[in-house]
Amino acid sequence: MKLAVLSGKGGTGKTFISVNLVNSLENTDYFDCDVEEPNGDLFFQSELVKELPVKVMLPSFDKEKCNNCRECVEACTFNALALVGEDMLLFESICHSCGVCTFVCKQKAISEVPKQTGVIEIGKSGDSKVVTGKLNMGEAIGVPVISGVLDLMDDTRNSVIDCPPGSACSVVESAQKADYCLLVAEPTSFGFHNFKMVEELAKVLNKPYAVVINKAESKNNIVSNYCKKNNVKVLETFLFDRKIAQDNSKGEICTSNNEKMKERFVSLFENINNDWQRSLK
Amino acid sequence: MKKILILSGKGGTGKTTVAASLIEYLNTKTIADCDVDAPNLHLLLKVKDPKEKDFIGSKKAFIDVDKCVSCGLCAEKCRFDAIHPFEGSYKVDEISCEGCSMCSLVCPSGAVSFYDDKSGTLQKYTEGYDFSTACLKLGRGNSGKLVSEVKRNMIIKDTEKYAVLDGSPGIGCPVIASISGVDWVMLVAEPTLSGFSDLKRIVSTAKAFELNLGLCVNKADINMEITQEIIDYCNAEGVYYLGLIPYDKSVLKALKNNKLIIDVPSAAGDALRNVFKEFKQLLEKEN
Numbered sequence: 001m002k003l004a005v006l007s008g009k010g011g012t013g014k015t016f017i018s019v020n021l022v023n024s025l026e027n028t029d030y031f032d033c034d035v036e037e038p039n040g041d042l043f044f045q046s047e048l049v050k051e052l053p054v055k056v057m058l059p060s061f062d063k064e065k066c067n068n069c070r071e072c073v074e075a076c077t078f079n080a081l082a083l084v085g086e087d088m089l090l091f092e093s094i095c096h097s098c099g100v101c102t103f104v105c106k107q108k109a110i111s112e113v114p115k116q117t118g119v120i121e122i123g124k125s126g127d128s129k130v131v132t133g134k135l136n137m138g139e140a141i142g143v144p145v146i147s148g149v150l151d152l153m154d155d156t157r158n159s160v161i162d163c164p165p166g167s168a169c170s171v172v173e174s175a176q177k178a179d180y181c182l183l184v185a186e187p188t189s190f191g192f193h194n195f196k197m198v199e200e201l202a203k204v205l206n207k208p209y210a211v212v213i214n215k216a217e218s219k220n221n222i223v224s225n226y227c228k229k230n231n232v233k234v235l236e237t238f239l240f241d242r243k244i245a246q247d248n249s250k251g252e253i254c255t256s257n258n259e260k261m262k263e264r265f266v267s268l269f270e271n272i273n274n275d276w277q278r279s280l281k
Numbered sequence: 001m002k003k004i005l006i007l008s009g010k011g012g013t014g015k016t017t018v019a020a021s022l023i024e025y026l027n028t029k030t031i032a033d034c035d036v037d038a039p040n041l042h043l044l045l046k047v048k049d050p051k052e053k054d055f056i057g058s059k060k061a062f063i064d065v066d067k068c069v070s071c072g073l074c075a076e077k078c079r080f081d082a083i084h085p086f087e088g089s090y091k092v093d094e095i096s097c098e099g100c101s102m103c104s105l106v107c108p109s110g111a112v113s114f115y116d117d118k119s120g121t122l123q124k125y126t127e128g129y130d131f132s133t134a135c136l137k138l139g140r141g142n143s144g145k146l147v148s149e150v151k152r153n154m155i156i157k158d159t160e161k162y163a164v165l166d167g168s169p170g171i172g173c174p175v176i177a178s179i180s181g182v183d184w185v186m187l188v189a190e191p192t193l194s195g196f197s198d199l200k201r202i203v204s205t206a207k208a209f210e211l212n213l214g215l216c217v218n219k220a221d222i223n224m225e226i227t228q229e230i231i232d233y234c235n236a237e238g239v240y241y242l243g244l245i246p247y248d249k250s251v252l253k254a255l256k257n258n259k260l261i262i263d264v265p266s267a268a269g270d271a272l273r274n275v276f277k278e279f280k281q282l283l284e285k286e287n
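Going line by line, the protein sequences match chains A and B.
Taken in order, the first sequence gives residues 1 to 281; the numbers are from this note's numbering.
Taken in order, the second sequence gives residues 1 to 287; the numbers are from this note's numbering.
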């Protein structure tokens, strides 16, 4: 199954949950779609197998052929083009690589050339594949990197997708191909507010979903009360634990040396899988 | 007026908690929340009833089934995989469509039209503050554009010394849009391997802009070794180091009661005051 791990608010423990799930299960790969700030491999320290560049196509202008007709400038709905004197100017960071300028140019003065905006690292950790998307610094649009990462999912294995925070287009791109969404919520007023936003997103995407509450002070909290009232499944609650926070800060995977934690993650996945199977019927 | 933006790279390090306290410490009235896909600052400042305005981020395509000849050219040429066969005709997926207009350019039967897509809501709180923010519609792109609009909605007065802007995690389009034009970035770092790695990425991104960088380490005692590494990194990179804030359970309690940390007698509150004192001296020295 393909499982997307989401949260809305940053720092609630998406990577903690994702990494420990992958570490506890067999036949499971890890996909880091938080391409602006990827962190999963800091935990796995995987052995790098392959690096794939991510490229987008950007227009390039042939000054000889261009007759300054401005048709491309007018056609670009992103306002990424400007004609300054006799020179075409491209604002690379807002170009969406849609191809419209090339299409409308009657002079055939525009060609598309690849530009690298990120890289995908494929690593190996035990029997798991660890795939990390990294957006180049200064680049604005992470969606092509995310889509490249998800192209590497293997249908015969489980995939855990570590999504970016928020609820914008990059989150949709990360979760769209998933079978099931796991929402990691922190029971604070901020965490709760942002949790409701991703819950809405899971509904809009029409995915079955359930909740894991992390860093809680008790099992009864603002998120658990809401879930009870609204019939949302809470599959696990992790209480705040300074030792876990400290180990996590060093990049240690807690299920590697804690059998009890490992059992919790194994049964968490069983519950997810059962709920997904039920939703298929 | 000096514009101060709070950033962190990693999410959940304490940007909003620090921002709300800084607003009170500097007695700033001109503020903004640029984290448009998970805004939270309004929760801490107890503001309500904003004036709202729709934000049209882009247009979206619509296929008129009566005019469609089902040739499929639109679906073939769409680079965003936004058009799929549907009940004998074709249909646009409004989340994937970026409004580039390629489909209408290739359509032989004029079946494609466009409509304005509301991709968010701009909000302005005016009681007590001049507070500009917005909420992105779920799953939408254009968050950078919306952030620029939030900043445009701030009223910059010369009588006010400072403006404080709360930022979003990451290094991508909303972050880049929030950085442009600010004078100072205050970074809230977290001493974890993840936090440090993310910090380096945001520092490199911010350095492309002409501004000053200051940094405090939050939850510093979770890992003192990494905290020290972050301090050394600041010195090497020309980032002003402002101080440490300990992990303190009274912060959670303060947040739960909707109080600012600097208003609650606590180790974290005292430490944060010292960070701000240091920061204010730098701001004033600059004048």
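Source of the hints: derived by calculation from the structure; they are not laboratory data.
We put the CB at the ideal spot given by N, CA and C, even for glycine.
A portion of the hints provided could be inaccurate.
List time: in silico SDA-like cross-link candidates among lysine to any residue, alpha-carbon distance up to 25 angstroms [claimed, not checked]:
#	chain 1	residue 1	chain 2	residue 2
1	B	K259	A	N220
2	A	K233	B	P108
3	B	K51	A	K55
4	B	K253	A	D241
5	B	K256	A	V56
6	B	K253	A	S189
7	B	K48	B	S109
8	A	K177	B	F86
9	A	K55	B	K91
10	B	K277	B	L193
11	A	K115	B	E76
12	A	K106	B	I156
13	A	K203	B	K91
14	B	K200	A	E121
15	B	K77	A	G148
16	B	K285	B	D270
17	B	K207	B	F86
18	B	K60	A	V56
19	B	K67	B	S109
20	B	K60	B	T28
21	A	K243	B	K60
22	A	K50	A	G123
23	A	K207	B	F80
24	B	K77	A	K207
25	B	K200	A	K177
Residues of chain A placed beyond 12 angstroms of chain B at every Cβ, according to the derived structure [unchecked claim]:
#	residue
26	E51
27	L52
28	L90
29	I94
30	K129
31	S167
32	F238
33	F240
Beta-carbon label-pair distances, calculated as ranges [said to hold, decoys possible]:
#	chain 1	residue 1	chain 2	residue 2	range
34	A	E74	B	R152	22 to 30 angstroms
35	B	E278	A	S189	45 to 53 angstroms
36	A	D275	B	H84	26 to 34 angstroms
37	A	E71	B	I56	51 to 59 angstroms
38	B	K161	A	S93	38 to 46 angstroms
39	B	K161	A	K243	43 to 51 angstroms
40	A	K219	B	Q228	33 to 41 angstroms
Cross-check of the supplied hints:
Pair hint K259 (chain B) plus N220 (chain A) holds up; C-alpha atoms about 22 angstroms apart against a cutoff of 25 angstroms. A threshold of 25 angstroms between alpha carbons decides the hint, and for K233 (chain A) with P108 (chain B) the separation of about 49 angstroms lies outside it, so the pair is violated. In summary, the hint linking K51 (chain B) to K55 (chain A) is not supported, as the alpha carbons are separated by about 42 angstroms, beyond the 25 angstroms threshold. The hinted pair formed by K253 (chain B) and D241 (chain A) meets the criterion: a straight-line CA distance of about 16 angstroms does not exceed 25 angstroms.
With a C-alpha separation of about 45 angstroms, the suggested pairing of K256 (chain B) with V56 (chain A) is violated against the 25 angstroms cut-off. Using a Cα cut-off of 25 angstroms, the hinted pair K253 (chain B) and S189 (chain A) holds, with the two alpha carbons roughly 11 angstroms apart. For the given pair, K48 (chain B) sits about 49 angstroms from S109 (chain B) by alpha-carbon distance, which is inconsistent with the 25 angstroms threshold. This hinted pair checks out: K177 (chain A) and F86 (chain B) have alpha carbons roughly 19 angstroms apart, not beyond 25 angstroms.
For a cut-off of 25 angstroms, the pair hint linking K55 (chain A) to K91 (chain B) is broken: about 28 angstroms separates their Cα positions. Of the supplied pair hints, the one linking K277 (chain B) and L193 (chain B) is violated, its CA atoms being roughly 28 angstroms apart against a limit of 25 angstroms. For the suggested pair K115 (chain A) and E76 (chain B), the alpha carbons sit about 23 angstroms apart, so the restraint of at most 25 angstroms is met. Taking the CA atoms of K106 (chain A) and I156 (chain B), the gap is about 46 angstroms. The hint is violated against a cut of 25 angstroms.
Restraint check for K203 (chain A) and K91 (chain B): the C-alpha separation of about 21 angstroms stays at or below 25 angstroms, so the hint holds. Taken as a hint, the K200 (chain B) and E121 (chain A) pair is honoured in the structure, with Cα atoms around 19 angstroms apart against an allowance of 25 angstroms. The suggested pairing of K77 (chain B) with G148 (chain A) holds, with an alpha-carbon distance near 20 angstroms, which does not exceed 25 angstroms. For the proposed pair K285 (chain B) and D270 (chain B), the alpha carbon gap of about 23 angstroms is at most 25 angstroms, so the pair holds.
With a C-alpha separation of about 48 angstroms, the suggested pair K207 (chain B) and F86 (chain B) falls outside the 25 angstroms cut-off, and the hint is violated. The suggested pairing of K60 (chain B) with V56 (chain A) holds, with an alpha-carbon distance near 22 angstroms, which does not exceed 25 angstroms. Between K67 (chain B) and S109 (chain B) the alpha-carbon distance is near 6 angstroms, which keeps this suggested pair within the 25 angstroms criterion. Note on K60 (chain B) and T28 (chain B): the hinted pairing is violated, with a Cα-Cα distance of about 39 angstroms set against a maximum of 25 angstroms.
With a C-alpha separation of about 50 angstroms, the suggested pairing of K243 (chain A) with K60 (chain B) is violated against the 25 angstroms cut-off. The hinted pair formed by K50 (chain A) and G123 (chain A) meets the criterion: a straight-line CA distance of about 7 angstroms does not exceed 25 angstroms. Proximity of K207 (chain A) to F80 (chain B) is assessed by CA-CA distance (about 21 angstroms); at most 25 angstroms being required, the pair is judged to hold. As the CA atoms of K77 (chain B) and K207 (chain A) are separated by approximately 28 angstroms, the hinted pair breaks the 25 angstroms bound.
Taken as a hint, the K200 (chain B) and K177 (chain A) pair is broken in the structure, with Cα atoms around 31 angstroms apart against an allowance of 25 angstroms. At roughly 18 angstroms, the least C-beta separation between E51 (chain A) and chain B is larger than 12 angstroms, which holds for a residue marked as non-interface. The beta carbon of L52 (chain A) is kept farther than 12 angstroms from every beta carbon of chain B, the shortest such distance being approximately 20 angstroms. Distance check for L90 (chain A) against chain B: the nearest CB is about 15 angstroms away, which clears 12 angstroms, and the non-interface claim stands.
The beta carbon of I94 (chain A) sits about 8 angstroms from the closest Cβ of chain B, which is not more than 12 angstroms, so the claim that it is off the interface is violated. The Cβ of K129 (chain A) sits about 20 angstroms from the closest Cβ of chain B, beyond the 12 angstroms cut-off, so the non-interface label holds. Chain B draws S167 (chain A) into its interface by the beta-carbon criterion, the shortest separation being 5 angstroms against a cut-off of 12 angstroms. Annotated as non-interface, F238 (chain A) keeps its C-beta farther than 12 angstroms from every C-beta of chain B; the closest such distance is 15 angstroms.
With a least CB separation of 8 angstroms from chain B, F240 (chain A) falls inside the 12 angstroms interface cut-off, contrary to its annotation. The hint said 22 to 30 angstroms for the Cβ distance between E74 (chain A) and R152 (chain B), and at roughly 24 angstroms that hint holds. Checking the proposed 45 to 53 angstroms range against E278 (chain B) and S189 (chain A) shows it is violated: the Cβ atoms sit about 29 angstroms from each other. For the pair D275 (chain A) and H84 (chain B), the beta carbons lie near 28 angstroms from each other, so the given range of 26 to 34 angstroms is met.
Judged by the Cβ atoms, the range 51 to 59 angstroms given for E71 (chain A) and I56 (chain B) is violated: they are separated by roughly 24 angstroms. In this structure, K161 (chain B) and S93 (chain A) break the distance hint of 38 to 46 angstroms, their C-beta atoms being roughly 32 angstroms apart. Here the CB-CB span from K161 (chain B) to K243 (chain A) is close to 44 angstroms, well matched to the stated 43 to 51 angstroms. Between K219 (chain A) and Q228 (chain B) the beta carbons are some 36 angstroms apart, a value that agrees with the proposed interval 33 to 41 angstroms.
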